[in-house]
Structure formats: structure tokens, C-alpha cells
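Once you have looked at the hints, place chains B and C on chain A.
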Amino acid sequence: MIRTASAPCCTLGEVENSGADPIIYENCSQVRTWQSGFLPLAMDFSRGDARYNPEGETAADEDILRRQECDAALVIASYPDAHFPVSSMKYYAQIPTIRIDPHETPTTDIVGVEEVLKKVKEIRAEKNGQ
Amino acid sequence: MSANPITPKNEILIKNGFVFDPLNGVKGDVKDIAVQNGKIVEPSKLSTKAKVIDAKGKIVMPGGVDIHTHVAGPKVNVGRMFRPEDKLHDTMTTRTSLLRSGGGFSVPSTFETAYRYAKLGYTFVNEAAMPPLLARHTHEEIHDTPIIDQSAFTLLGNNWLVMEYIKKNQPENLDAYVAWMLKATKGSAVKIVNPGGTEAWGWGKNCTDIDDPVPYFDVTPKEIIQGLAASNERLGLPHSIHLHGNNLGHPGNYTTTLKTMALTEGITTNKKSGRTQNIHFTHTQFNSYGGTKWGDMVSKADAIADYVNSHDHITIDVGFVTLDETTTMTADGPFEFSLSTTNHLKWGNLDVELETGSGVVPFVYDPKNSVFGRQWAVGLELALLVKDPMKCFLTTDHPNAGPFTRYPVITSWLMSKKARDDKMATLHRWVPEKTKIAEISREMSMYEIAQMTRAGPAKALGMSKTKGHLGIGADADVSIYDLNLKTTDVTKNPEAIVKAFGSAAYTIKAGEVVVKDGEVVAVDVPKFTIWTDADNFNNKEVTNDIVEKFLKYYSLTLNNYPVQENYAPHQQVIKAGPLAGGN
Amino acid sequence: MEKVTLTPNGEKYLVLEADCITPDNFAGKTLEQIADMTVWEGNTTHRLGKFFDIGGKTGATATETAIVVNGNVPRVKYIGSKMTDGAILCKGDVDMYLGAWMKGGSILCKGSADAFAGIQMEGGDLVIEGNAGNYLGAAYRGDWRGMKGGNILVKGNAGNDLGEYMIGGTITIMGNVTFNAGIHAGRDVKSKEPGGRIIIHGIADARVGAQMVRGTIFVLGGVKTMMPGFTANGTEEVELDGKKMMFSVFNGDRAEAGKGTLYVKA
Chain A
1 MIRTASAPCC TLGEVENSGA DPIIYENCSQ VRTWQSGFLP LAMDFSRGDA
51 RYNPEGETAA DEDILRRQEC DAALVIASYP DAHFPVSSMK YYAQIPTIRI
101 DPHETPTTDI VGVEEVLKKV KEIRAEKNGQ
Chain B
1 MSANPITPKN EILIKNGFVF DPLNGVKGDV KDIAVQNGKI VEPSKLSTKA
51 KVIDAKGKIV MPGGVDIHTH VAGPKVNVGR MFRPEDKLHD TMTTRTSLLR
101 SGGGFSVPST FETAYRYAKL GYTFVNEAAM PPLLARHTHE EIHDTPIIDQ
151 SAFTLLGNNW LVMEYIKKNQ PENLDAYVAW MLKATKGSAV KIVNPGGTEA
201 WGWGKNCTDI DDPVPYFDVT PKEIIQGLAA SNERLGLPHS IHLHGNNLGH
251 PGNYTTTLKT MALTEGITTN KKSGRTQNIH FTHTQFNSYG GTKWGDMVSK
301 ADAIADYVNS HDHITIDVGF VTLDETTTMT ADGPFEFSLS TTNHLKWGNL
351 DVELETGSGV VPFVYDPKNS VFGRQWAVGL ELALLVKDPM KCFLTTDHPN
401 AGPFTRYPVI TSWLMSKKAR DDKMATLHRW VPEKTKIAEI SREMSMYEIA
451 QMTRAGPAKA LGMSKTKGHL GIGADADVSI YDLNLKTTDV TKNPEAIVKA
501 FGSAAYTIKA GEVVVKDGEV VAVDVPKFTI WTDADNFNNK EVTNDIVEKF
551 LKYYSLTLNN YPVQENYAPH QQVIKAGPLA GGN
Chain C
1 MEKVTLTPNG EKYLVLEADC ITPDNFAGKT LEQIADMTVW EGNTTHRLGK
51 FFDIGGKTGA TATETAIVVN GNVPRVKYIG SKMTDGAILC KGDVDMYLGA
101 WMKGGSILCK GSADAFAGIQ MEGGDLVIEG NAGNYLGAAY RGDWRGMKGG
151 NILVKGNAGN DLGEYMIGGT ITIMGNVTFN AGIHAGRDVK SKEPGGRIII
201 HGIADARVGA QMVRGTIFVL GGVKTMMPGF TANGTEEVEL DGKKMMFSVF
251 NGDRAEAGKG TLYVKA
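Chains as they are written, first to last, in this note's numbering: chain A, 1 to 130; chain B, 1 to 583; chain C, 1 to 266.
You may find that some hints are simply not true.
Pairs of lysine-lysine residues, derived as DSS-like cross-links and limited to a Cα-Cα distance of at most 30 Å, are as follows [to be verified]:
1) B/Lys293 / C/Lys12
2) C/Lys103 / B/Lys368
3) B/Lys293 / C/Lys259
4) C/Lys190 / B/Lys434
5) B/Lys346 / C/Lys82
6) B/Lys346 / C/Lys12
7) B/Lys434 / B/Lys368
8) B/Lys368 / C/Lys12
9) B/Lys346 / C/Lys259
10) B/Lys346 / C/Lys148
11) B/Lys15 / C/Lys148
12) B/Lys499 / C/Lys82
13) C/Lys192 / B/Lys293
14) B/Lys368 / C/Lys259
15) B/Lys368 / C/Lys82
16) C/Lys190 / B/Lys346
17) B/Lys434 / C/Lys192
18) B/Lys368 / C/Lys192
19) B/Lys168 / B/Lys259
20) C/Lys148 / B/Lys368
21) A/Lys90 / C/Lys12
Keep in mind that the hints were calculated from the coordinates and are not lab data. Here the structure is a predicted model, which means the values were calculated and not measured.
Chain A on its own, in the form it takes in the complex (with noise of 0.2 Å):
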């Protein structure tokens, strides 16, 4: 079970449909609702407190990638590439990106951050007594 921490300086996308766990999914949404009081879809928390918008203002894929209204992002366990819109992932090309995700994926010829997989693995070696 994964528990989502509020990110005060970034905007929460939700990836529907994104390959991940849909159990995990179901679950994030489930805490990230009664954590802040919102669905947990496009969650802007830059202002310290939650604020909601999706499909107009807030959402990851078509309103601050397409509208160039970031400088980075971070990405969880998802694979925007496969899903979001042609035109906000030519803006996410061209910023920095940082990738957390136990798998290795197409993404990661396109995002280029190979040393937080490698990390992974290595402590997952650890723990398996490699």
C-alpha cells in the first residue's frame, strides 16, 4: 500500500489507465481524497493548501505540460508518455525529468535518469541477499 505525502511545490497528475497497479490506484486515491479533501486528480499544492481544476487548469497531461507551466517533473510508477496528449509531451522532452519506478520502460530512453533505477535494483539486490 503506498501512502502519497502532499507535494507543496508541485501539481499531483493522475495517469489513469497508466500501466500501474490498478490496486494501488484505487488506493493512492482513496488516501489522497481524505488526506486533502479532493479527488486526487490534478491537485495543484503550490499554494499550501489543495486546489482543484482538472480538465481546464490543473491536470498534468493537457494543462501544465501543454501550457509550459513547469520547469520539471517528477514521475511515480507512471508512463506518461504511453498516455498523455502528443503535445504535452513534446514540452516534457525537453524538461528535466526524474523517474521513480522498480521497472525499466520506453520512458526511459526519452527521460534519460537511469541512476535512481540502478539504485532500485541495487537495493533490491540487498535485500534479497545478493
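Positioned in the frame of chain A, the structure of chains B and C alone reads:
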């Protein structure tokens, strides 16, 4: 409990306050209250290093006890999820180093719920409806609600095995199952909502009369209520059955209510836990209507109050309508659907397999509307006509009839006829014409308010050993309000009540100051989930029945069902049933 | 009326939330105080004066205060939001939430405005000479109560979902609109009240008046795809802006037992 080193952090002496402690008969005397290691102790036990709070001219009470509210669980979360507009004009809390962000006017986020209750001086809050299958979710939300102690009532009134055991007249099996369910869900009490009706809703039907049989199961609400009440008393559970009656919210329903209340007259109450009732009828305001339709709806609060006044086996809580825009959410599936067809607003509906259901619908109680104005009056009539506030508790069925943040203004209506008259002057003219509220001159005293909000609920919950009072050995949950009754005539200045009770001078929880001058100053204080363990049965038949239900019908396996320990890491367990030497 | 001028000074930013730019906030303040007001860029706050040169004079009240945004600010949001009186002139494009929740006063935008302009407006005048984005005069996400009063005029085109859940007031679009114009209009309107008015001079794409309950919509340039829940009820001559025109009359949306009226120019 291991001895903690005594430091000033653990010791508080509250001096010179006017103490209202009904369970110990203290009626506003100037008295010192001493706190040490999370408990109330004799003042002489304190060291010289104790922190001193001078409560001169202030009211000192046990921390507030809310016996019925909806603050944690899946349907509460649906209310949050599908109402972004509930946050729109609410004052949201911005994140600080101490506080988490959040908000929501009628359905606040969990952290915000805790902060708001604490600011009102409440320290113990009971989630009134926990669907067993989703108990884990309820406990997770409870865990994310800091400061206040909580318990959750386990919904059993539409449960398949409960209905089967009652139908087959197998009381021993029923007892074993109820005990197992409370343990599996870490629930504190037996909750019954629209018995039979929410199961019937699975077929699009309802049970509006206590003799209406449930489809397929062929038991009646009457049998469910009596069966569970008898089981509750045999098990000696701390609280009685907690009932949301059939036919809620319909004009003319008071007859159903009176019939329902009488159902347990013949059942001997198990008074081991200190309570004297064997049935608690909740948000009774919604079940106190006469008339035949909304147009001619009248208040029958007097008939209900008469019954409560003349019978000792029952307690009620009011469910005051506060005339706000709020969100309704109950396990009364069919009722919520009918609300949505009435006000054409969005509706969330959930069926919980084999167990219960729920509905969530926003609701705007327009103050100018004659129906809602009458509902406002019904709640007040009920509270003012029931003579003993130890039988009638202050709630709004939050958020159904209004948000709990309105408790102070409700208190002002109870204590001041002027406050009621001023409010009524802004409402529809039918309010004084078609209800009796204008004729009632009673103004409740602060002692009676303390009974309605502390002593009474704690006693009815069977938890009055440690909650709801300031005697030696009680939990050190104390609220201090900046209101001097000797210098302020609250009947003429009801705003003083709203101000003082809306913003506690101090709230102390488990012996630590959490609120000072209406602001939260600490969140990391001991917080407990209270539940009842009555399970020491070795009933093979019940075990087989449970296993069979999971194999045949449930969509998850039995070993994934009971709530694991780590979901409630701060438990306070009350023993009942065979574990407490009973049954 | 006294006039305060905000001239963009070329300082770069990603996007600014400038809810401080209203006559209500500026009234009675000195230019220094205005320059010190807070704008948000993401999670960082800045002084308004960092991005704008402030000149002119403030009035004592909102009514006596006019603000001129002296340039193109397509990335400044919330200009004029919640204002109760006074005037704002924007000499270029603006971003989202122009005049959102405004209760009175007037806003004139010489350029285009982005989404959510005039949402849940209660009074006043909002004029956009360029194009308007989506959700013009709409409701906040999840709310069933939209624009209550006031007038919105867009000389160019507008996007989708204009006048969503409209309760009262008038929206006039001289150009075209995309889909969902007037969706859910009149949901919260009492039975004796007329609801809002939407007048589209150009062409409307699809779902005009979808799930409408009360109110009136005029489309002069034609509707590409009509909603199936509207019944045709003959024709009617109606006068608009002094001109008499013939309209086909449709009532609906029957899916909501709606009593709204859709006039499509015959």
C-alpha cells in the same frame, strides 16, 4: 501502564475554573482540576513543577463526546470526492510545520476534522457507521485523524448472517457472530441502519414499516432490532444497540418511531458498563414528523419526547438541522435515492456485499424554505421537551443535518430563547405557525449542556469510567471555555456562547494542551481507537457459516477480511461477553 | 474614476496568479502598497511590482478605481476575480479566470481571455474583444450553480461549456462556439424564474443546451448537431438587438424534463 517520569509536560493544574462535571455532580463550583500522566488525579499529587492554567472566570468541562458523526470511512470519502465545491468557499487550512492542509465545509478532510473538533473542545468522537467489509478504510481514516479518540460502530442491521440467525432463532449463534464481527472490524458497538431496508434496496425495495419482511430473508425490521438488542444485552457490550430507525425522513413517520422505541421495552438491560438504556435511537429529529406529506408536515417532537420522558430503557440523540448547505450520507440507501430524486442533485450509491449499503447526496437546507424551517424547529422541540438531558444528546448526524462546526450555535439556541426567536424571525412564517417551538420557554443551563454533550453520551456509550467526566481516574480530556456565566447573561447574549464554544480557550487531550485560544498548538498527542472485544466463543457452527459465506459469496477470502493490528496501531480495547465473565 | 496603470516590465515568469489585481484590493492603497501585493508563481510568492511598473492614482473605493493592464499578459491568471465594482481594462491577452466570481463593475479585455472567464459571475459587465476560452461564465468544478447575473460579451469565438449550469444573466458571443454551450443551464433555477440567456451569433458545434432545465439560448449561425432531447415547436419571430428575425423553436432538454428554449435562426 508503565510509570512515566513525571515532568512538567505531564502535569497540569487547572485552577479557579467553574467546573461542570455532571457524572460527579459538580454544577459549576469553583474547583481545581489536576492532570498527571494523561489522567485526572488529586491536586495534591502534583509536583511543584506542574504547569498552571488559571481558568478564573472560565468554564471547565470534560472534553466533548460526540456519540454520532460521520467522519471516517468510504462513504465519507465519496462525499469528499464528489464535492469539490464543498471546498470552494470554505476556509481551507494551509500547510504549516504543524498542520496538514485540507478543508471542506461539510465533509472536511481527516486532519481538518481533528483540528475543528479540537477547537470546539471535543476529544472523543464516534464514527457512527462502519461497513464491515470496508472497516480497514475506516480505520485508516481514523489513523489519519490526529488528536481525538475515536471508535467506530459496526453496521450489522442488514447483514446476511445476522438475518439468517434471527430467522432461524439461534441466539447463541447470533451472539458468537456479533462478537466475531466486532472483533474482525475492531468496532465498538452494534449499529443498525434502516434494518432490512438497505438489504431490500438491493432489489430496489425498502422496509418502511417494522413489520415489512425483507425480500428472500423473510425477517422483519422488528425481528432484527429485537434480535440484535437481546444479543447486545447478553454479550454485555458497553453501548446498547444504536439504531437509525425505519421510515426516516418521511412525514407521518413518528408512529413508526414510537412502535420501534417500544420494541425493546421487555428486554432486560445489562447495566454492567454503567449505561441504563438498551436502545439508542439516533438523529431522532428525522423520525419525529406528523402529517401526510411535506406540505402538511407537522412536528411530533412532543409525542416522541413524552415517550422518552416516561421510559428509561431508551436514549436518543437529536440530529439538529442547522439550515446549511451540507452533504447527506447514510447507510439508508433507499432514503438517499429518494433525496436525490427530490432535489435533483448528484447521488452516490454503494452496495456492500452481504452487509449493507450507503448513499451520498448534497443537500441545501434553505433557511427560507418552510419544510426545512420546520425541521429546524423539530430538533429544538425534541431537545427542550425531553426533560433529562442525560437521555438526549447533541448531534447533527454530521454532516447530514449540518456540519459539527455548528455545535456552538446550537448550544446558543438551547440556552437562549432570544437566540431561537432571533433565528426564527429569519425563517418561513410557517415555522412558528406549524410547530410549537415559539411556545417553549425553557432555556437549558450549562450543567444540562454538559450532560447533553459529555456526561450523557459517555454514559450511554458505556465508557463513563474514563470518558465524559473529570473525576479521579478519568482520561485527562478537558475543555476550557472563556465564558463567565456570573458576569454574562447568555440568555440575553447568546453570541457569547457561540464565540466561547467555537474557539476553546484550552483543549487538553490525554493530559496535553492541544488547543490554546482557539488555535491548534499540538497534534502529536496520544490518540486511541476504542473497540470492543467480546469474542471468546468456540462456536464451530458459526465458524463454518462464516467460512461458507466467504467461499460462496464474498469476493475476497476470509483471511483478508479481519482488520489487521497495524491498521489500528493505537488501540484501547474494552472487554465484554465471555472475556468479561459474561454469557 | 481614478486610474492605476500596470505596465509589464519584461521580467520573465512561467505563470502568475494575480488575484490581487482588482479595484477592491487597490482602492485606498498607495502605489507602493500595490507594488508590494503578492502574486504567486507556482509555490513561490513575488511582489506584483517585480513584474509590473505601477503608475497612476487609486480611488478611495472600488467604485472610483479603474485599473489598466497596459500590455499583453497571456500568462497572468485571476485578473478581476471576485471584484465588486470599479473597472479593469486589459490591453492585450489574459490568462484564466478573468472576472471569475465577479459581483459588479466592468472588465474590458482588448485581446483574448483563456478558460474560466466569468465563472459563477453575479453581476457586472465582462467584455472580451478577442476570443474566450472554455468554460466561459460556467460553474466551478462539481458545483451545480453557475453564472447568476451580469453580462458577458465576446466579440470573437468561445470554446466549450459556456454558460454551464447558468442561473441568470446574459452571455453574447459574436463568433462561433464549440460544444456544450449552455450545458445544464437552469439546473438551480426556481420554477417561476426565466433562467439565463445565451446568444450565439455564429455557429455552434454540438450539444447546445445539453441537459438544460431552464433558460433561453439563441443560435443565429446554425447548430451543426442538435441534441436529440429537444422537441420542435414551430417558428417564432423574435426581436434581438432591434432586429426582428425568424427562429425555429425547440424546447428541452426532455432528458431532464427541461423547460428551456432553444431558438435557432431559420
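Go through the numbered hints given earlier and state which of them the structure violates, listing their numbers in rising order. Failing hints, ascending: 1, 6, 8, 11.
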